[in-house]
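One line per chain: the protein sequences are A and B, in this order. Each residue of the first sequence is one higher than the one before, starting from 14 at the first, in this note's numbering. Each residue of the second sequence is one higher than the one before, starting from 903 at the first, in this note's numbering.
Rather than coming from a laboratory, the hints here were simulated on the basis of the structure. One should not assume that every hint holds.
Over the 12 Å line for every Cβ pair with chain A, so calculated as not near, a few chain B residues [to be verified]:
#, residue
1, Pro-960
2, His-989
3, His-1000
4, Leu-1008
5, Arg-1015
6, Ala-1035
7, Ala-1094
8, Ile-1104
9, Gly-1123
10, Gly-1235
11, Arg-1241
12, Ala-1383
With a straight-line cut-off of 20 Å between C-alpha atoms, the simulated SDA-like cross-links for lysine to any residue are [to be verified]:
#, chain 1, residue 1, chain 2, residue 2
13, B, Lys-1412, A, Asn-171
14, B, Lys-1057, B, Glu-1028
15, B, Lys-1215, B, Trp-1391
16, B, Lys-1049, A, Gln-63
17, B, Lys-1039, A, Ala-62
18, B, Lys-1039, A, Gln-63
19, B, Lys-1214, B, Ala-1277
20, B, Lys-1039, A, Asn-69
21, B, Lys-1049, A, Ala-62
22, B, Lys-1101, A, Thr-99
23, B, Lys-1331, A, Thr-99
24, B, Lys-1331, A, Asn-171
25, B, Lys-1045, A, Ala-62
26, B, Lys-1101, A, Gly-97
27, B, Lys-1101, A, Pro-44
28, B, Lys-1045, B, Glu-1063
29, B, Lys-1039, A, Leu-68
If you anchor each label on the Cβ, the simulated ranges turn out as follows [said to hold, decoys possible]:
#, chain 1, residue 1, chain 2, residue 2, range
30, B, Glu-1282, A, Arg-21, 57 to 65 Å
31, B, Asp-1097, A, Arg-80, 15 to 23 Å
32, A, Trp-174, B, Glu-1093, 50 to 58 Å
33, B, Glu-1282, A, Gly-265, 38 to 46 Å
34, B, Gly-1339, A, Ile-284, 18 to 26 Å
35, A, Trp-174, B, Thr-947, 30 to 38 Å
36, B, Lys-1049, A, Leu-26, 49 to 57 Å
37, B, Asp-1097, A, Pro-156, 43 to 51 Å
38, A, Ile-284, B, Gly-1098, 21 to 29 Å
39, A, Arg-80, B, Asp-1366, 39 to 47 Å
40, B, Gly-1016, A, Pro-156, 35 to 43 Å
Where a beta carbon is used, it is the ideal one built from N, C-alpha and C, also for glycine.
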Amino acid sequence: MASFLLKRVVSLLPVLLVVMTVDFLIIHMIPGDPASVMAGPNATTADIAQLRSRLNLDLPLHVQFLRWAGRAMRGDLGDSLFLGRTVNRAVWERTEPTLLLTLYGLLVAVVFGMPLGILAAVRPNTGMDRGFMLLAVLGVSIPTFWLGLIFIYAFAVNLRWLPAAGYASLSEGFGVNLRYLMLPALSLGLNQSALVARMTRSFMLEVLREDYIRTARSKGLAENLVVLRHAMRNVMVPTVTVVGLIFAVLLGGAVTTEIVFNIPGAGRLLIDSVLRRDYPVIQGAVLYIALVFVVINLIVDMLYVIIDPRIKYA
Amino acid sequence: MSQIRSNVEPSRRNFLKGAAAAGAASLLPWSQRVSSASAAEAPRTGGTLKVAIIGEPPSLDAHWTPASITHDLTWHLYEPLFTLDEHYSVIPMLAEGHSLSEGGKLYTIRLRRGVPFHNGKEMSAEDVVPSIARWGKTATVGKLLFKTVQSIQAKDRYTVELRLTAPSGLALPGLANFSQFPAIYPKEVVEAAGDGQIKEFIGTGPFRLLERVPDRYIRMGRFDRYAARSEPTNGYGGKRTAYVEEIQFIPTPDVAVRIAGVESGEYHFSDWITPDAYNRLLQNPRLDVMIVKPNEWITGIFNKKMGPFTNKKLRQAVLASLDMEPIMRAAVGNKEFYRLDPGLMFKEHVWWSDVGKEVYNHPDREKAKRLMQEAGYKGEPIRWMCTQFYEWMYKSALAAKQQLEEVGFKIDLQVMDWASVMSRSTDPKMYDIFTTGIGDKVDPTLQTPVNCDYPGWTCDPKLDAMMARLATETDFAKRYAIWVDIQKWFWDEVPVIKFGDFFSLRVQQKQVMGYANRYRPFFWNVWLAAR
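Excised from the complex, chain A in its bound form:
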């Protein structure tokens, strides 16, 4: 296991190097640069050139890349051109909102999705099964941002039960934090709960057809014990894979929710940075996202071992 872990950590390096190079090249290939954005529409060509020089954007591309990559390998991702802070700090400040939103969204997806999927699987081809799966199709089809806008209109503007937008950090209190994230988490999570429901149903149906399940039933075990004690364990392995993937999707998909609910998360940071060509932030944020994906994959692989002791890594 230890050598497996070491191999995975070492293999991070070439992955990150490729990400850094592609990321840098792509952002520098698209038209527009931070100098023209900062200078504004009334600036002269000379104004923009002066600003470009101040920001070292007139250096040859390979020099800019080597300078940035060299510092990045030491953990220094540079300073944001617009936010008045380092990239590390800008990304770190936005980690909490995105992480919490994603976790709450994931919780909603699992809490709503798994029971629905299990119930549909233990009563296949019944009205309940068809009803739940119809809900699942609807859930997958509804865009997250539209659901978010509906929630805002209903619960914030009309009923005034919850805030329409914004964010309160955990340090301001768990209750306040939850108040601001409840609607965004619901709109993000309900969409994915549909996928969790369908996948859980599918895995559960497969497992319920296994011989050992027939044996457990024939021994007279109550159906709920058969499902929860015997079937669930085997359903968990593929389900954890799906949940891991959903976590990654939610992390990326959270950006629309962050925009709709005005949450200062990492997704919004990336979008805003692309629009204003804040090169250091774009480069740094993409690197962080790549790192997160790799780490999530590693955690999922570790969870397999815990859930199914038969799995061993060399």
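Please build the complex by placing chain B on the supplied structure of chain A, with the hints as guidance.
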């Protein structure tokens, strides 16, 4: 080509009459909304005002960027030497007054005494000189003005001398300009900044910076030792009082979220609301809505450095093809929010003129086709850059494209993000025309469509000579006459297409009192009524 006439004879008497009329007329839209029931309720201190703004400001250094969001926030923290009253006349702010001597080349500016910065230090000439000098090197208007500045120095602790190489009509308006305004910082802050942005955000304004968390909020707290002017509030000048304890400016890029936020009570105020929400918001008994006049005019800027629009006849052909009413309706929607007007300076301004009304918005397809033929246009695609980031830019370009194609133009509409438009607009190889908006200017010398240095490159010896005279003349009546000639030149040469003026919408909760609806928003003199 019909003769372009002015409707105003340039004379001092007419200027005074016109200024009085313009001043009276300008009072109407500017002060059309001071918050309801403000006369009935006395101001009260306290509370936190939450303002949803269109995005994160690129900087809190007022000298650094012309972004209007930077200005709208930072003028609560910093103050300039001069500002504008409700008629766009220059009035003192941190200055006590000034005198002009040596044939208009020496400005002697007397400073107010006992004005503290947020760090307790008294503002004096030793702070003003480096602040203005830095502004002259950094800001677009500053650089323009400083072309004629010979020196700036402290005569004594409370007097600054600004010596010019030639008289300048831009000097005082420039020092009162909104965008990238000449904020006065402590000397130490300017020195520490070097060639970069300031690192401490200290000014003399009624609010001081408490905290900035990018994309969450910028918090400003009342500065209890603020030294207010004693005369009544007048436009952007006069007495400023910080009633609220704190202002939170909350970046909220999505307009639907800004609207929902004010409707739900999360925010007290927001601007840049889309006009299509106007009728619905009017029905909400909890809200006040305000139309902001003037705002901007929508324009298509021709590339006059290379390509087909180096030819004046082709530019005139485009103007002759266009019916501006459907274009503005497509761009803006609600008729309350746009106006068809040939003035390059807004109707609310003392600088306004309707010279050009005989050619502006007079579509004549036969004339357009004839001009196209005379220009030798053979159907080459015209590359038109625009962005959907600002919907009105995209929609106006789309509507204009349709009309031009009906006449025989071939338009290649290239839609991209705003950063790409701004970057490409400086490269004459990349486009033939691009869409943008022209905001309000304090002085016509700052009008970008008639400036050689700006994208589009409106360079013409006759124009340059008139602009140079406008810059050096200090008498208003004479300056106005020159400006009218420039506008005549403009409607003959057509360096850009003016589609029309458009207005914006602001919304606030009825709890907000004392807000004066002017071109740029500000929150001194604003208080929150008890719920």
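The hints, checked one at a time:
1. Distance check on B/Pro-960: its Cβ comes as close as 5 Å (rounded) to a Cβ of chain A, failing to clear the 12 Å threshold; non-interface status is violated.
2. Residue-level check passed: B/His-989 sits 24 Å from the nearest beta carbon of chain A, beyond 12 Å.
3. Every C-beta of chain A lies more than 12 Å from that of B/His-1000, the closest at about 27 Å, which supports listing it as non-interface.
4. Distance to chain A confirms B/Leu-1008 as a non-interface residue, since its nearest Cβ pair spans about 28 Å, more than 12 Å.
5. Even its closest Cβ contact with chain A, about 33 Å, leaves B/Arg-1015 beyond 12 Å, as expected for a residue assigned away from the interface.
6. The claim that B/Ala-1035 is not at the interface with chain A holds, since no C-beta of that chain comes within 12 Å of its own (minimum 16 Å).
7. A cut-off of 12 Å between C-beta atoms confirms that B/Ala-1094 is not in contact with chain A; the least separation is 14 Å.
8. Against the 12 Å criterion, B/Ile-1104 stays outside the reach of chain A, whose nearest CB is about 15 Å from its own CB.
9. Here B/Gly-1123 stays apart from chain A, with its beta-carbon at least about 18 Å from theirs, past the 12 Å limit.
10. Every beta carbon of chain A lies more than 12 Å from that of B/Gly-1235, the smallest distance being close to 20 Å; the non-interface claim holds.
11. With a cut of 12 Å on Cβ distances, B/Arg-1241 stays outside the contact zone with chain A, its closest approach being about 22 Å.
12. Non-interface call for B/Ala-1383 relative to chain A: holds, since the shortest CB-CB distance, roughly 26 Å, exceeds 12 Å.
13. Note on B/Lys-1412 and A/Asn-171: the hinted pairing holds, with a Cα-Cα distance of about 17 Å set against a maximum of 20 Å.
14. With a CA separation close to 10 Å, the supplied pair B/Lys-1057 and B/Glu-1028 stays within the 20 Å bound.
15. Of the supplied pair hints, the one linking B/Lys-1215 and B/Trp-1391 holds, its CA atoms being roughly 14 Å apart against a limit of 20 Å.
16. The suggested pairing of B/Lys-1049 with A/Gln-63 holds, with an alpha-carbon distance near 17 Å, which does not exceed 20 Å.
17. In summary, the hint linking B/Lys-1039 to A/Ala-62 is supported, as the alpha carbons are separated by about 14 Å, within the 20 Å threshold.
18. Taking the CA atoms of B/Lys-1039 and A/Gln-63, the gap is about 11 Å. The hint holds against a cut of 20 Å.
19. In summary, the hint linking B/Lys-1214 to B/Ala-1277 is supported, as the alpha carbons are separated by about 8 Å, within the 20 Å threshold.
20. Between B/Lys-1039 and A/Asn-69 the alpha-carbon distance is near 19 Å, which keeps this suggested pair within the 20 Å criterion.
21. Note on B/Lys-1049 and A/Ala-62: the hinted pairing holds, with a Cα-Cα distance of about 18 Å set against a maximum of 20 Å.
22. Among the hinted pairs, B/Lys-1101 with A/Thr-99 is consistent with the structure: their alpha-carbon atoms are about 14 Å apart, no more than 20 Å.
23. Taken as a hint, the B/Lys-1331 and A/Thr-99 pair is broken in the structure, with Cα atoms around 36 Å apart against an allowance of 20 Å.
24. At roughly 52 Å between alpha-carbon atoms, B/Lys-1331 and A/Asn-171 are farther apart than 20 Å, so this suggested pair is violated.
25. For the suggested pair B/Lys-1045 and A/Ala-62, the alpha carbons sit about 14 Å apart, so the restraint of at most 20 Å is met.
26. With a C-alpha separation of about 9 Å, the suggested pairing of B/Lys-1101 with A/Gly-97 holds against the 20 Å cut-off.
27. Annotation: proposed proximity of B/Lys-1101 to A/Pro-44 is violated, straight-line Cα distance about 30 Å (limit 20 Å).
28. A C-alpha spacing of about 18 Å is found between B/Lys-1045 and B/Glu-1063, which places the hinted pair at or below 20 Å, so the restraint holds.
29. Restraint check for B/Lys-1039 and A/Leu-68: the C-alpha separation of about 16 Å stays at or below 20 Å, so the hint holds.
30. Taking 57 to 65 Å as the suggested C-beta distance range, the pair B/Glu-1282 and A/Arg-21 conforms, at roughly 58 Å.
31. Checked against the given bound of 15 to 23 Å, the beta carbons of B/Asp-1097 and A/Arg-80, roughly 19 Å apart, stay inside it.
32. Between A/Trp-174 and B/Glu-1093, the C-beta spacing of about 53 Å keeps the proposed range 50 to 58 Å intact.
33. Between B/Glu-1282 and A/Gly-265 the CB atoms are about 43 Å apart, so this pair conforms to the stated range of 38 to 46 Å.
34. Against the hinted window of 18 to 26 Å, the Cβ-Cβ separation of B/Gly-1339 and A/Ile-284 comes to about 23 Å, which satisfies the hint.
35. At about 31 Å, the CB distance of A/Trp-174 to B/Thr-947 agrees with the hint of 30 to 38 Å.
36. Between B/Lys-1049 and A/Leu-26 the Cβ separation comes to about 54 Å, which falls inside the hinted range of 49 to 57 Å.
37. The beta-carbon spacing between B/Asp-1097 and A/Pro-156, approximately 47 Å, falls within the hinted interval of 43 to 51 Å.
38. About 26 Å separates the C-beta atoms of A/Ile-284 and B/Gly-1098, a value consistent with the hinted range of 21 to 29 Å.
39. At about 42 Å, the beta-carbon gap between A/Arg-80 and B/Asp-1366 stays in the expected band of 39 to 47 Å.
40. Take B/Gly-1016 and A/Pro-156: their Cβ atoms lie about 59 Å apart, and the range 35 to 43 Å is violated.
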